[in-house]
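Undergrad: Okay, here's what each chain looks like letter by letter:
Protein chains: 2
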Amino acid sequence: MTKAAPLSDFSRLCIHTITTKGWELEEAVDRYAEAGVSGVTVWRQWLEGRNPSESGDRIRAAGLEVTSLCRGGFYPALEEKSRKEAIEDNKRAIEDAAALGAPLVVLVCGAVPGQSLTESRKQITDGIAATLPLAESLAVKLAIEPLHPMYADDRSAINTLASANDACDALNHPLVGIAFDVYHLWWDPDLEEQTKRAAQAERIFAYHVCDWMTPTGDLLNDRGLMGEGCIDLRGIRAIVEENGFRGMIEVEVFSDRWWDRPPGELLEAIKEAYLQHT
Amino acid sequence: MTKAAPLSDFSRLCIHTITTKGWELEEAVDRYAEAGVSGVTVWRQWLEGRNPSESGDRIRAAGLEVTSLCRGGFYPALEEKSRKEAIEDNKRAIEDAAALGAPLVVLVCGAVPGQSLTESRKQITDGIAATLPLAESLAVKLAIEPLHPMYADDRSAINTLASANDACDALNHPLVGIAFDVYHLWWDPDLEEQTKRAAQAERIFAYHVCDWMTPTGDLLNDRGLMGEGCIDLRGIRAIVEENGFRGMIEVEVFSDRWWDRPPGELLEAIKEAYLQHT
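Residue numbers (my numbering), protein chains in the order written: chain A, 354 to 631; chain B, 354 to 631.
Hints are not guaranteed to be accurate.
Note that identical chains are pooled: a pair holds if it fits in a single copy or bridges any two copies.
[Stated by the list, open to error] Heads up, simulated DSSO-like pairs for lysine-lysine below, C-alpha to C-alpha not over 30 Å straight-line:
1. 437 with 475
2. 356 with 444
3. 549 with 475
4. 624 with 374
5. 475 with 356
6. 356 with 434
7. 444 with 475
8. 549 with 374
9. 444 with 374
10. 624 with 356
11. 549 with 437
12. 374 with 434
13. 475 with 434
Rather than coming from a laboratory, the hints here were simulated on the basis of the structure. As the structure is a computational prediction, the values presented were derived from the model and not from experiment.
Generate the whole structure from the sequences, applying the supplied hints.
TA: Dropping the structure here:
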C-alpha cells in the first residue's frame, strides 16, 4: 500500500475541543494558537452559555479556522415525537454552526437498540432531508460520519463508508457529505473502493484521526493518539489524498488515559504524533 | 424482515463448553444431557489432559452429538517460524477433532497489530491451505468464523461475511466453509446478499448465537444471552434458514456476568432464551 509523505508543518492540524477535555473553549483556543495549530472543531458542549457568533470571532481572532461543529445527528427513535425533537435539535446545531462560522456540522446519525438498522437508516435520511432547507439557506454542510460497527446498537446505523455513500446518494444534495474517521473505518476491506466513490461525488468533507489500541479497554473512551495503535495512518491518508482530499486533519481522541493527564501535555504529544505518525 | 418461527424443542440446541465455563467436560456433558440439549461444541481447553477419542465416546454415550471443536486459527504472524508453528498447531486441532469425532474445526483466523489486513488475509488462506491435505485425509471440515470488526487488530483479519466468502472462494475446497456467528455479523448491511452467496456455495457449516448488550462493558466478555440484547435473532435465523441451513444452533456466550453465577442457572436460562428469543 502507498504511504503518504510525513506532514511537515501544522497548516492542516485541527483539534477537537473534546480531545483536550479539561480546557474551556477560550483556553483551548489560546493554547492551540500558541502551539501553532490551525483549526478547531468545536463540540456543542463548548458553546453552552456562550454566544456562538462571538465564539467564532474569538477563534478567528486567535488565528484559527473553525473547521466544524460537532455534533448533530441521533435522528432515529421509536416515537415520531422524539424524531421531530431530533430534527429541531439538528436545526439548532445548523443555526449555531452558521453563527459560529463553521462550514460544517458532523452527524453521528443514531440508532435504536432493537429497531432494524434498515428502518433506522430510513429515519436518518428522512431526518437529514428535513433539515436541508435550513442548511441551504445558511450554507452549512452536513457530514454523515460512518461509525464503527461496535456502535451499531445505539449510536449509528451507518457503519461503513459504503452505507454512508448510499445515504448520500439517497439524499443527493451537494451540502450532504461524509466525515471520514480512521477509527471507524480502518478495518474495512472496501475502503479504497468506497473512498474513490465518495471522492468522485466530492463528498469527503472531513478527515478525523486517532488510533486503535490493542487491547482496547473501553468501547468509547480508549482511543489512542496517532502512533499508539495499529491503524495504518499514512496508508489511509494516501488513499484519501490520492482521491483529492486536501482539508484539515482533525485530531479527535476520546481517552480516559489521556484525559487523566494535563491537557498541555497531550497537546505537545499531539504535535509530535502528528509529525511522526500521521 | 421475515422472522423465523419459534423453536419448539431442543433437537437443534448445542452449547459451547466455554459458555458454562465452571464445568469440566464430563460435568458439562452430563448436565447438558439431563437438560435435553442435543449437541456440544468442545473448546480445546476442555480436552487438556484427556484422550479426545475417549471424550468423544463419553459425549456420544450421554446421547449428545459432537458439533465441532473450537478453535483453530491464528495463522498470521510477523515471523515465518511463528506461522509454521501455527500451522502445526492447527494440524493438532484437526487430529483432535478427528479423534473426538467432531466433523468440524472452527477457525478464529488471527491478525497482527500493525500488519496490513490484506497481508494477514493472505497468511490466513496460506495457513489453511497448508492444513488441507491432513483435513482431507481425516475428513474434517474447517469453518472460517468472520469476527466483528472490533477484533480486526489482533484476532481476525476476516471481519465480514463477504471477506469470509472471498477467503473460501480463494481456497475453493469443499471442506472449507464458514461459521456464522450473529454476534459478529448482525450489523452488516450486506448480510442477506452474502448469506445467499455462502449458501449457494454450500459453505454455511455452523451457526452461533448469543446477543449484543447495550451498553457493552467489555469487548470480549460481555455478550448477552439471547433476548438480552438488540440482535434480531429470528430475523437472522430466517435468512440462514431460507437459504437452507438446518444445522445446530450453538449457544456461545462469553460473559463475566453469567460466569459469576452457577452454571446450572445459566443452563436453565439458556433453555428458556432458546425457546423464547432464538
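Undergrad: For every hint, state whether the structure bears it out.
TA: Consistency of the hints with the structure:
Taking CA atoms no more than 30 Å apart as the test, residue 437 paired with residue 475 passes inside one copy only; the shortest distance there is 14 Å, against 48 Å between copies. When the C-alpha separation of residue 356 and residue 444 is checked against a cutoff of 30 Å, the pair qualifies neither within a copy, at 40 Å, nor between copies, at 37 Å. In the homo-oligomer, the alpha carbons of residue 549 and residue 475 lie at most 30 Å apart both inside one protomer (24 Å) and across protomers (24 Å), since each shortest distance falls under that limit. Taking CA atoms no more than 30 Å apart as the test, residue 624 paired with residue 374 passes inside one copy only; the shortest distance there is 17 Å, against 47 Å between copies.
For the homomeric pair residue 475 and residue 356, the shortest alpha-carbon distance between copies (20 Å) is at most 30 Å, but the shortest distance inside one copy (37 Å) is not. For the identical chains of this complex, residue 356 and residue 434 are inter-copy neighbours only, at 28 Å across copies versus 48 Å inside a copy, given an alpha-carbon limit of 30 Å. For the identical chains of this complex, residue 444 and residue 475 are intra-copy neighbours only, at 19 Å inside a copy versus 48 Å across copies, given an alpha-carbon limit of 30 Å. Neither within a single protomer nor between protomers do residue 549 and residue 374 lie at most 30 Å apart by alpha-carbon distance, with minima of 34 Å and 47 Å respectively.
Taking the shortest Cα distances, residue 444 and residue 374 sit within 30 Å of each other inside one copy (25 Å), while across copies they are farther apart (51 Å). Only within a single protomer do residue 624 and residue 356 lie at most 30 Å apart by alpha-carbon distance; the minimum there is 20 Å, versus 52 Å between protomers. With identical chains, the CA atoms of residue 549 and residue 437 are never at most 30 Å apart, being 34 Å at best within one copy and 37 Å at best between copies. In this assembly of identical chains, residue 374 and residue 434 lie within 30 Å of each other by CA distance neither inside one copy nor across copies; the values are 33 Å within and 45 Å between.
Taking the closest pair of Cα atoms, residue 475 and residue 434 come within 30 Å of each other only inside a single copy of the chain (16 Å); across copies the shortest separation is 50 Å, beyond that limit.
Hint compliance for this structure: hints 2, 8, 11 and 12 are broken, all remaining hints hold.
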